[in-house]
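Chains A and B supply the protein sequences, listed in that same order. Take the first sequence: its position 215, counting from 1, is numbered 215 in the numbering used here, and each next residue is one higher. Numbers given in the numbering used here equal positions in the second sequence, counted from 1, plus 1000.
Hints listed in this document are in silico derivations from the structure and should not be mistaken for laboratory results. Treat the hints with caution; some may be incorrect.
Said to hold, decoys possible - Taking lysine-lysine and the DSS-like style, the derived pairs with C-alpha atoms no more than 25 Å apart in a straight line are: (1) A:K173 - A:K311; (2) A:K250 - A:K260; (3) B:K1006 - A:K368; (4) A:K375 - B:K1229.
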Amino acid sequence: MTYTNFRFELSDEGVATVLIDRVDASMNTLGIDLIAELAEVVERLEQDDVKAVVIGSAKRDFLAGADIRMFSGAVTADTAIKGLQAIHAIFDRIEALHLDAGKPVVAAIHGVCLGGGLELALTASSRICSASPRTQLGQPEVQLGLIPAAGGTQRLPALIGLAAGLEMIVGGKPVRSYKAKKLGLVDEVTPPEVLLEVAQKRALAAIGAEAPERGIASKLSSDNLQRLALEKNPAGRRLLFKKAYDVMMKQSGGHYPAPKRAIEAIRIGAEKGRAAGVAAEIRFFAELVLTPETAALQSIFFATQELKSDKGIDSDAEPREISNVAVLGGGLMGGGIAAVSTLKAGKTVRIKEIDDAGVARGLAYVNKVVTRQAKRRRMSSFEVDQILNRVTGSSTWAGFAQTDIIIEAVFEDLDLKHSIIKEVEKVVGENTIFASNTSTLPITAIAEASGRPELVVGMHYFSPVEKMPLLEVITTDATADWVTATAVKLGKEQGKTVIVVNDGTGFYTSRLLGPYLNEAAYLLEEGASVEAIDEAVADWGFPIGPLLLTDEVGIDVGAHVATILHAAFGDRMRGPDMMAGLIKDGRKGRKNGRGFYLYTDGKRGDVDETVYDALGLGPRVRVSEEEIQERMSLVFINEATLCLQEGILRSARDGDIGAVFGLGYPPFRGGPFFTVDQMGADVVVAKLEALEARFGERFAPAQILKDHAETGKSFRK
Amino acid sequence: MSPSKKARRVAIIDGLRTPFAKSGSAFKNLSTLDLASGVVAELVARSGIDASTVDRVVYGAVIADVSAPNIAREIVLAGPLPDSVDAYSVSRACATSTQSFVEGAQSILLGETDIVIVGGADSLSRPPITYSDRFIDILMEASAARDLSSRVKAFSKTRPRDLAPKPPAIAERSTGKTMGHCAEEMARENGISREAQDEFTVRSHARTLDAWESGIFDSEVMAYPIPPKFTETIVRDTIPRSDTTMEKLATLKPVFDRKYGSVTAANSSPLTDGASALLLMDASVAEALGYEPKAYLRSYAFAALDPNWQLLMGPAFATPLALDKAGMTLDDIDLIDMHEAFAAQVLSNVQAFASDKFAQQRLGRKKAIGEIDDAKFNVYGGSISIGHPFGATGTRQIATMANELDRRGGGTALITQCAAGGLGAAVVLER
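One chain only, chain B, in its complex shape (with noise of 0.2 Å):
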């Protein structure tokens, strides 16, 4: 802990992710902790800090691995940083590394810590997948049996039907209803069309792809070399498209409502596996250590809704507190990044952004949040293009924006993303 009375202030230092990966590719043999794993131990090597100098690791997954419920202590005890380091995990949805951000950040604000190493990551290759309710309490009786008869007669009880696998659920408890059919209502209720979807897609992946083309990832996204055999490094996200043209678009069946529906699977960004990492420090101790941070933290917020009513309208619940905590309005915001769970949720939450009515009935303020300048907004494409391994995709999005802010030599960048269970996460960076 700092005895300095000076104001302290989170700065973020470097940031780092695999390249992302259609599940089932590339990295289907790895498990959400060696991507974790593999992010952190390049994090630590290449900014250079003293691994016993890093005070603890807020790390966090969607799908928990059962093996190791607390992935952020199990990085520590598998990787280069000393078993001293402390560590827990968060969840938050898609917002789940942004949850982590903000602990460390926390943490570091109230002088609890000097530096963080924050992130996230899913493995979606490699679902936990279950058994029935039945077959559960049979195995559990079982495994209570004292002797051999009493474990036969348990197991005698097993039905083909029990056997049947049980992979993690995606819909939302709550309402019962998938995410996809939430974006397809929310298409219709707010007009999105499929046209308007189709070409929010074709402009993500352009974005992305010139973002490679121009080296804007390089130092950012770490090369993957994959055991055992590491005959094949994985150096680029696998998942933007050249070919991504309105007309190929077009041919594509709607996935959820595949009657009515406009919702695609180009149009949603796809199950990914990947992991990402920052590393925060408090602004004097990275300045006493020569480090030059990219950005620094300026405010953040959570905000929640109903999730009856449009599920992922977090963004726009979320980004008016940040920007009143920043004491800012949208204009002063020179970049914003927001997470892109389907091009309809994304292309409605700009609506709502705009929308005098939507700020008067929703959030109980007389102005909209204010206009989305295309030219700031997700200028390097986003989950659509790039992947959403739901728990890297908020230090993945804070990394880039702070690189970009570095790049720039200055500005403001907000980070926003909705979640499950109608939740939206928002942060403020400057430089």
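Excised from the complex, chain A in its bound form (with noise of 0.2 Å):
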């Protein structure tokens, strides 16, 4: 019997073997025609002859989960409905195998295996994975506001314990093979070479067995203990779904829908039995899958997709191979990108400071990043020299000539940043890029000192390098597509989501931060307390408001660059005057205890009521929600979309994903413009000239907004 997507195979003591292997795709992924087959390759399981089952894959990875394709777009609830109903009626076939016909189905896993491939694999009698790096188990759903609806809300915690599969399913976050092993998600783990045949030889074992008992250790084992005492009883249970519910809105916020069916889809299987639950997790998908907060969450993903595969330039430039990366500066910024081009990237890396205690800062950085990971992911000894060896410092220019690309990381200063140019190409070869992470110094004013200005890029990281997912490169009219290309190609290996830019006064991230923290400093002025300035921003969706993000990034740099921008943008980006007093009252923020907040031995408390004294502010008034959201986010939104006009931005994709993953713009609402086409750019603009007429230019509607508001083209689609 020969199949499209399956390779099937029968031993002579009846052992068959289902190998997945979509046609014409390099990943397996569980689309509508291989769910189709899958029903024709279960018949054939069924029949008599056949006595064991194995499933696995003949690609690299098991199956990556369901082709989300499938349900974005012209979805409706009915046809998600009845689509997921098949499946279920499918995966319930392959269940009978073992459960009622006696025939022990083995999943054999290696490579990927989430979502819709774990619900398969959970339908085997048993699982076993290989050890190899690459093999992940999970069921991710709710990172693309989804829940699992192939029955894992219910098969998942029947197996591993309400506690492990609500971490699983509503953490979203995927395990490797020995974790897998650890919470009794499959039974053993076996070398990769040898995981096909392990997996036929426990199914030929496991014919006319008895299902095997769990030994007496994992009876006795604390995870057990805690699954008798808390979730044999409902009392106990009660309060494991409280505790979930409550780490779900502390992480969430509660702007997630998907979260929060995933948990209430598990508690009805729980109380009232699979079929109830089965019935929820379909019922909770159809309803999510139409939801704005998916369609935004879908878009993002998608868009990261395609970042992965763009090069960041227009031209057919090949990237260059980069073998040796230095860092100036091992402060916070550069112990980061050292940290970063070693572990993620590989590369050796030299790190350059004033003086040995400098050097020693940095490599003391490095050091901490990669003993965190190397706990995390269970890294030898010898792996972590490896990566530490790779880096070295100096507080000489000594051991700089083989660098294929320098980022200098030192403090924002124009002047300073044109003498390292001119040191650094004393020492380098000629194709050394120099890449600058800036914030908000424009890179055209940085090559001015350059003799080769198309080697000249930014690299604008996000603080802290090793955790930020984003990387801005800017590239100025003289960069060389090359030199884009090649740092585009590093920040991935980095293992970040790389955007490019034009060069111009704060880029895109910073220079949307100017008028959004103006704006959060103007509704001071005119009354608002901090805490209700901040309140409202986070519950819009920012991980923290704009007066805290002030504190964190410190007061003194917000003010520096504040100046920077309202020098390059005039008096659309001038910020009140009464801000100067933070600076003369000494406040710089988190990094000396002094800001809006009150802060003790490092830890935040509330804020500090003396601000407003500091700031010749008088007593509080009461501004409506409503209001300071509309303001802080139509400021932010009105700007972004100036950058895709000016040409800053080279798509408006480009721009939600910078929003998003570089200034925590709330990622279920899909990016700025993502927002725009949401609301319909007619009412955006609508919104801004009444805010315009209230508070002046400052709100005046970008030209591009007023264009799409006439002909109703969206930014995103």
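Could you fit the two chains together into a complex? Lean on the hints.
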């Protein structure tokens, strides 16, 4: 028997091996065609000559989940429900092979096994996986605004317990092989080479045997004791669900419907049984698939996928190979860039600092980041040595001649950067790229000191570098395309999502912060309290409010940036004068423990009520949450569209990704451009014009918005 | 392999070492491999060499680490050099890194390699300490046991005295005497006074301190930030002391012969942690790559003598052989750098160099090797004042002498060491 998407083999002993091998694709995904053919395969497995089944993959991954494009676009609640019911029917039949027909079913998992892939594996009587670092099992659906709906919310908690099941499904984070074994998600971890053979032997040995009892050790483990104490009685279960709900609300701010629904589906299954649970997960999925939050999350997902293959240039110039990276400055940024360059990108890194203590600080930072990762990823001490030994440092210019790219992360001062670029060009080769990690200074201005402006590019990382996902690459008119492409490629190797923007003061991300933080200051001046502003903005979905952000970034840094932006863009970006009072009062934010908030021993407390005095402001008045949210979001969105209009941005897509990954724009809103599309440009323009009438030119809508309002054109579709 | 028919010549491109620190101090948490990897990574970075063009690493340590017996290969695998770089390790007691230098040089001369990194290191802060033979037998038996009861049975034989740790021996296996005792004997037999030894010690410290002050070592010693906290960076050797005076030295008790002896902790080289390395190339390859060598290898020789006689007289045996191969006499040498295991050993060798009688009786030569001119001798101090990580000393000396020839713009240098087992090594460099 031959199939299009499966390889089928039946051994003399009756062990059927089914290998998923989706036709014309490098990756196995669950599409409609695959599901239809799976029904035929299952029919074959139900025949009497098949005594046991092994399900595996003929590709380098098991099954990456449903083809999510299947659920975007023209899907309706009805078609979603019908599709899911069909999948359930087939999965139930696979489960029946062992539950009813006594045929052991073993899933042999190597590589990615996510979403529908794991749900398929959960229908088996036993799962084994390879010890490969590539292997990961998970239910990441909530990250796309959905929930597992092919039985995942029911079979996973039934297998590994409610607490662990909730964590995997609500958190959405995949686990690696050894964690999977510990959770009881798989029964055995094997070397990848023998995975299939072991699965076949297991299946053969299990024919006619009773389902194996779990060993005494696992029965007495602390996990199991918790299961007995909490999960087997209603009061304990309630406690578990409450805890899961609280954690979820804390992490998501309650903006995301999917995790709530996931918890609900699991709870219904745990309390009312499998059938009720399955009905719930299908119903919830059909509801979620049509929400704007899901559309927003999926648009971010697709944009991120697209950016992975975007070279960042329009010509066909090729990036050059980078083996040696030099970082100037061993502070928070320099250390972070050095860390991702060795840890993620595997480059040889050399840190330049003004003295030995500076070098040591940089090395210490790399060491800290790598050690933390080593613990999380079970790296051997040898791997750690390898990663750390790739990094050297020097307080002199010795050893920089072979550098392929120099990334400077020194203080934001144009004269300093000019003198550094001159020094650098004396010691490096003729093709060494000079990248500046400035967050505001125009790259063109920095390149003025360079004898090779075609090699000068901006690489704007976000702090802390090892955690923040975005890299903004900035090109000038003079930057060579291969230089841009090389910076983009290095950024991707460092694990970043990379957008390329054209040069201009503040580029894209820092520029957006200008009017946004100014608006917060105007609200403050008008009498809104610090709490009211920060809470309204956080409620809208930003991770933190603008004034807390100012404390984190540094009030002095913020003021410095504000001056630069004001000078470049004129009165449109002028903030209220009273902010100078903070500097005069010696407030620098978290770093000196004095800002909008109180800090004790580095821990943030309540709002510092004396801050109003420092600003020369009187008593607070109530400003409505809606007013704050509307002004803060629209001033941000308007500036984003101006960046597109002026050609700073290459696309609206990049603008959305930059705002979400760089500035914490709420992912469930999809980015500023996605928000305009959802609201309608005409509505946005009307609101801006009303604000312009009240507050003046800083709310004047961008021409491009007005054009879109007129034509009804959308930014992202 | 280079097909060039042109005569091959070994060029020293660059040399580097960690600062040297007394064992159990600054580097006490670092292994020999850590120090060696650190210095090689920095040498590669500083030299600007394309790491994939390095053909081989030859490296050595005297106190072998059981977890990294082929330390050279471990340096490659855990460092910035690609896995394709060949690597092996050598051992020749205190002349270990002279041996790695010579083997690197030989492979270049043979046309087998073009670019080689050589060196040596030792950390005496973390020597491998083992158990008594009896307890090792018990452990082996227990690990071979198939069940719990035979394992218990194996361990039941353990007696408290079996558990006493056994640190690595510092005595000569053949004679049972420690190096210090041998130095003590040499002092007595050659009439080297306590005062002469202390004077030499004061001289060593003063010269090393001067060298540091005038920046001589800046280019050949790397700053070493101490992991994992990196709050401390060692930038200088910690051993040379400005308060080394005759009066102060006179207060010290002899260590090896407390009653009649003259060898003290101060006039001996201390137990030291550190690593050093050199980048070598064939001269024509260096020229093609645009490197300006600091010096070239002229000749080398090793010699061996009866360890029951004057164990540490190796320099006086190896030097004439190296000079003969170079076609030179001692007068042709501008710089002499002798490893200072003990002041008594250095002064005994100086005496032997100048002695016709020694030449006739021990070397079978008519005339003495030659009088050592103090102005040329150990110009920046030596192992007494700088320290002596066993495996690191040879390439440490070669790097300093190559740099000195480079600074002087020409000349010749003799580098020589004594080594355990009655061995001697000598290298002649030229510029």
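Practice task
Mind listing which of the numbered hints don't hold for this structure, in increasing order?
Solution key: 1 and 3
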